[in-house]
Each structure stands twice: as structure tokens, then as C-alpha cells.
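A.B. asks: When you get a sec, could you build the whole thing from the sequences and use the hints?
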Amino acid sequence: MFQEPKSCGVLLVCGDPIQSFLLMKHEDRWDLPKGHVDPGETEIECALRETEEETGISREKIRLDSKFRYVQQYEVQSARYGNKTHGPFLKTLIIFLGYVDREYEIHVTEHVGARWFRWNPPLKPIQARTIDPVLLSVQNYLCGKGFVR
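Under this note's numbering, the first residue of the sequence shown carries the number 1, and numbering increases by one thereafter.
Derived from the structure by calculation, the hints contain no laboratory data.
Please note that the accuracy of each hint is not assured.
Unchecked claim - Heads up, simulated BS3-like pairs for lysine-lysine below, C-alpha to C-alpha not over 25 angstroms straight-line:
{"id": "1", "residue 1": "K6", "residue 2": "K91"}
{"id": "2", "residue 1": "K25", "residue 2": "K6"}
{"id": "3", "residue 1": "K6", "residue 2": "K67"}
{"id": "4", "residue 1": "K25", "residue 2": "K91"}
{"id": "5", "residue 1": "K124", "residue 2": "K25"}
{"id": "6", "residue 1": "K91", "residue 2": "K67"}
{"id": "7", "residue 1": "K91", "residue 2": "K61"}
C.D. replies: Here's what the structure looks like:
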């Protein structure tokens, strides 16, 4: 049975209050460390596994904010998921907020680079589809203004 695709990841931030946040660099865009949920895996397990795999930062060094959970759904093309007779599919993206004690050196495995960006609201647009809404949601959450699902 086919399940709609779901990706989970972590917005890694450094400092309390936040001083910086981490983004991964693809050839043509910035992204968060994230990936698809494996069978039998929880959303948090997936998010921490993917973050560790893509950054080299061990899950033990990440403190998740238990009250923040960002959810977004959007359509993706069917060809990417190996079934060209269906689609488009509704993909679910779930992002958790994770704190680290310092800006770790990133050991990229699936990206062309990584960068710690300064957290200085209002934040400049980076990527309209996913990054900007996640950052705005975190900003609103920290200011006590936003509802987080």
C-alpha cells in the first residue's frame, strides 16, 4: 500500500536567545536537514537521524523544543516517488526546533555546503516555499504570537 510522502527535519539553532541557524546548500537552493520517514520510524526519530546523517552533529547534542512542531503540506510530482500512474502526491513536511550549544563544523554528505546564518529578525527571504515559512513560524512562536501545530 502506497503512503503519501512525509519528510521530517530539524531547524538547528544556536544560542538562547537564538544567535544563528543552520541551512544546507543544494546546487540551486538552501534547505533544512531533513528526509523521508523510514517504515516503523517516528517523526522525531526520522528528524534526528536525518539531521545527524546530513550534518555530522550527533542527536545527543541536539535539544528539541517539545512544544514546537511545524507542519506544511504541498504537492510533489509523482515521478520522484517511482509511480508515474499516480500523482501529484500531497507531501507532508514536519520540522522540529533543535538547539545546539555552539555552531558546529558541518560535515556535508548529501549537499554542496552548509552555513550558519545570523538570526536577526525580521529575517530576509531565503526560500519562499519552505524555509521562509518555517523561520517565520519559529519567530512567531518565540514571540508568543503564533500557533504552532
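A.B. asks: Which hint numbers doesn't this structure obey?
C.D. replies: 7
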